[in-house]
Structures are given as C-alpha cells and as structure tokens.
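**Q** Below, each chain spelled out in residue letters.
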Amino acid sequence: MAADKVDPIHQFHINKLIPIDIGGYDLSFTNSALFMVATVIVAAGFLFLTTSSRSLVPGRLQSVSEMAYEFVGNMLRDAAGTQGMKFFPLVFSLFMFVLVANLLGLFPYFFTVTSHIIVTFGLAVLVIATVVVYGFMKHGLGFLKLFVPHGVPVFLLPLVVLIEVISFVSRPVSLSVRLFANMLAGHITLKVFSGFVVSLSALGAVGVAGSILPLAMAVALTALELLVAFLQAYVFAVLTCMYLNDALHPGH
Amino acid sequence: MFVTSAFAQESAPSADTSHAATEGETHSGTSVPAEAHGTFPPFDPATFPSQLLWLAITFGLFYLFLKRVVMPRVGGIIDVRNDRITQDLDQAAKLKGEADAAVAAYEQELAEAKTNANAIGQQANDAAKAEADTARKKVEAALDAKLGEAEARISSIKANAMKEVGSIAEDTASAIVEALVGGKASKAEIAAAVKSVAR
Numbered sequence: 001m002a003a004d005k006v007d008p009i010h011q012f013h014i015n016k017l018i019p020i021d022i023g024g025y026d027l028s029f030t031n032s033a034l035f036m037v038a039t040v041i042v043a044a045g046f047l048f049l050t051t052s053s054r055s056l057v058p059g060r061l062q063s064v065s066e067m068a069y070e071f072v073g074n075m076l077r078d079a080a081g082t083q084g085m086k087f088f089p090l091v092f093s094l095f096m097f098v099l100v101a102n103l104l105g106l107f108p109y110f111f112t113v114t115s116h117i118i119v120t121f122g123l124a125v126l127v128i129a130t131v132v133v134y135g136f137m138k139h140g141l142g143f144l145k146l147f148v149p150h151g152v153p154v155f156l157l158p159l160v161v162l163i164e165v166i167s168f169v170s171r172p173v174s175l176s177v178r179l180f181a182n183m184l185a186g187h188i189t190l191k192v193f194s195g196f197v198v199s200l201s202a203l204g205a206v207g208v209a210g211s212i213l214p215l216a217m218a219v220a221l222t223a224l225e226l227l228v229a230f231l232q233a234y235v236f237a238v239l240t241c242m243y244l245n246d247a248l249h250p251g252h
Numbered sequence: 253m254f255v256t257s258a259f260a261q262e263s264a265p266s267a268d269t270s271h272a273a274t275e276g277e278t279h280s281g282t283s284v285p286a287e288a289h290g291t292f293p294p295f296d297p298a299t300f301p302s303q304l305l306w307l308a309i310t311f312g313l314f315y316l317f318l319k320r321v322v323m324p325r326v327g328g329i330i331d332v333r334n335d336r337i338t339q340d341l342d343q344a345a346k347l348k349g350e351a352d353a354a355v356a357a358y359e360q361e362l363a364e365a366k367t368n369a370n371a372i373g374q375q376a377n378d379a380a381k382a383e384a385d386t387a388r389k390k391v392e393a394a395l396d397a398k399l400g401e402a403e404a405r406i407s408s409i410k411a412n413a414m415k416e417v418g419s420i421a422e423d424t425a426s427a428i429v430e431a432l433v434g435g436k437a438s439k440a441e442i443a444a445a446v447k448s449v450a451r
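Residue numbers (the working numbering), protein chains in the order written: chain G, 1 to 252; chain E, 253 to 451.
If you're looking for bench data, these hints aren't it; they were derived computationally from the structure. By construction, the Cβ of each residue, glycine as well, lies at the ideal position given by its N, Cα and C atoms. One or more hints might be untrue.
[As the list claims (entries may be wrong)] What follows is a list of derived Cβ distance ranges for each label pair: (1) R333(E) to Y234(G): 18 to 26 angstroms; (2) L213(G) to I309(E): 43 to 51 angstroms; (3) P108(G) to A345(E): 13 to 21 angstroms; (4) L157(G) to L313(E): 40 to 48 angstroms; (5) V332(E) to L159(G): 53 to 61 angstroms.
[To be verified] In silico DSBU-like links for lysine-lysine, alpha-carbon gap of 30 angstroms or less: (6) K319(E) to K138(G); (7) K138(G) to K86(G); (8) K439(E) to K410(E); (9) K86(G) to K145(G); (10) K415(E) to K86(G); (11) K410(E) to K366(E).
[Said to hold, decoys possible] Calculated from the model, a selection of chain E residues having no Cβ within reach of chain G, i.e. all distances over 10 angstroms: (12) P294; (13) A298; (14) Y358; (15) A413; (16) S448.
This is chain G alone, in the form it adopts within the complex (with noise of 0.2 angstroms):
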C-alpha cells in the first residue's frame, strides 16, 4: 500500500499491542500505552541515573537534571510564591512528562503521546482538578472569590463574573487544545513533507533533483519542533503554575 507512506495521519493511529477488555471498556496496553511507559522510563531514568554520583561539582548530565530542577522551582516560586513549592512534585513530573514525550514524538516511527487530546486533556483535567480541590480545601467558598475582580462596578459584575467563569471553565480546554495541536499540526507537517520527497523521488532523476527542497523544509521543520516540543513543554509547566497560583491566592 503506497499511500500508506505518505499518509500524514497514519501516524497517529492507535495499535492495540496486548488487548484488554474489562467490563466492556477496551483497556488494551496500545502503542500509546507504550509511549507512555517509555516516556516515564526515559525521563525517570535519566533524572535518576544522572544523579547517582551526588557529585558536588555535577558534570554535564547531573547539571542538566539540576538545571531541569531549578528550571521549573524557579518557575514555580515566580508565578506562586513559596507557599506554591508543594506543588512542585506535580509540576515538575508535567514538566519533565511532557517534554520527554514531545521529544521523544520526534525520532522517526516513535509515537507521539502528546499528539492525542485525550492525553492533554487528561493532564490538563488534572491540573485543574488539583486547583479546585486544593482552593477549596483552603479558602472554602472564598475561593469563589476568584470570579470577581476587586473594584468592579456593581452594574457591571454580572457580566465580568460570567466572563471570569467562562475563562475558568475553559482553561482545561486551552491548555489541552494548544498542546495538542501543535504537536499534531508540526508532525502532520513534518509528515507532508517527508512525504513530498518520497513521492517526488519515485518520479525519477528530475523527481530527485526537486525533492531537495522538500527535504530541506524536513530539516528545518524537524528544528522547529525541536523548540516547540520544548517550548510547549514549558508553556504547560508555566500555565499550571499560573493556575496554581490562583488556588493559592484567589482574590486577585
């Protein structure tokens, strides 16, 4: 099947490795579930193993983990202050989850776990989950302070409340969303034009000549997600510490 090759959402498709089904949901271990178990290796793995030696002077691999620390404590006391530390396990597990899935989505053939919204979606359900839960806990219902911004207009409180709650509301939605489609549109991307040099190489000498331009575009692109896979990372880390936050302190 030619067209295989050059199907850019062939990629993305889900493949049932061991299949399991309980109570009618199929719970099937999927190249997915793979990814997954791969992403956690790689990123606890390293992380581990990297510091292992508990080297005063760290070398090169220890300072990346340390750096990947202070990186994303730094982050976190910035947008939440001290009292926003003991979210940090969970941050910097997003963090480090993420990335290492963004990145490994790049070696060709891998499966990209961050390209499904029902994975963004799920960590970024979590993430508002643990604002609510955690507001409550703390503030009761002064959390709903949230919704209304000090030094509002009476008359014009309903509205900036509604418009406050919207925004609460679809926070999950975004912080999934822009995750999601930027590793789905750069691989799709990517795909097109590796496909293009496929496709174009088959047609003969000229076919080859013209493919190198596509091929080139691969290149750049594969750069590009490079920075994207980190930078979406990031904005992840930086959103949910922004939200956090306001679990923390809700009264603006």
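Following the hints, put chain E in place on chain G, whose structure we already have.
**A** Relative to the frame of chain G, chain E by itself:
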C-alpha cells in the same frame, strides 16, 4: 508537488475505510489498525478509556517516583552545594578578618616602636644636652676662677707698682735736686714733698 500530496492525503483515508469495510471486524494481518473507522485517530473516543487508564498509571508512577526518589535527591545535592558554598564563604570571611586583625596588630606595633624610638631619641638628646650644659658650666666656672685669679694678680702687681712709684719718685726727686741744687736734701723732706705732689 501539491497534486501528489493532495492525492496521497485523500487516498489514504479512503483506502483505510475501504479496508475496514471489506475486512470488517476480522482484523486479519494487514497493517491497517483495528480502530480505523475513518475517524481522525486523536478524536476516536474508542481509544479514550485505554489512553486515560495508561496515562493515569504511568503518570501516577512517574509522579510518585519523582516525589519520593528523584526530587529529594536533586534537592539534597543542591542544598549540600549551597551549604558548602556558604560555609566556604564564611571561612574565607573569617580568614580575611584574621588577616585584617594581623595587619592592624602589626601596624599598631609599628606605631608603638616608632613612638618608643622617638622617646629614646629625645631622651638621648636631652641627656646629651644636659651633659653638654654641665660641662660648659664647669669650663665657665674654671675660666671665671682663672679670670679672678688673674685679676687679683694684676691688682696686686698694680698695687706693688704703685707702692714702688713713691720710692722711685723720691729717688728721682733727690737726684734732680742734687743735679739742680748741688746739695743733698734730706730724705724726709723729699718724701713729704713727693707725697704732697702725688696727692
């Protein structure tokens, strides 16, 4: 270029659907995935339960591993390093303080030595001056004594000379009288005459 890709993009899903239609639920050994209903795979709800379950399992384990093992370790490494740096800085500050104190002590000793040296010099100067003064006074006293002695001798010589002046005058007078008058005048007369003149 674009025609090719458009053809490819369009043909692929239709090929999938045709496969799914022809082969139905049998899933016999083609590369076509089982869930290929022609829907866009990321929006296929059939895969949601499995993905959510495995996400929960893997991310949950990842979270626990990072929270329990990795983060205490990395945090510990960084804390130890920061402690060590502050400790080293403290020690450096302490050593610097010691060095400063040593410099201050040295300078104080130097100043003391200078004042001591000045005092000793002054003392020696004063002693020399006093000695010179006493020596000068002694010499002056000796000179004064000699001067007095000399003056006494001069006055005694003068007195003697003055005493002799009378007898010389008498002799001279008697000689003059002898030469002029030709007779001898008595000694007493001459003496009386000289005394009356000398007065």
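**Q** Return the numbers of the hints above that this structure violates; sort them in rising order.
**A** 3, 10, 11, 12, 13
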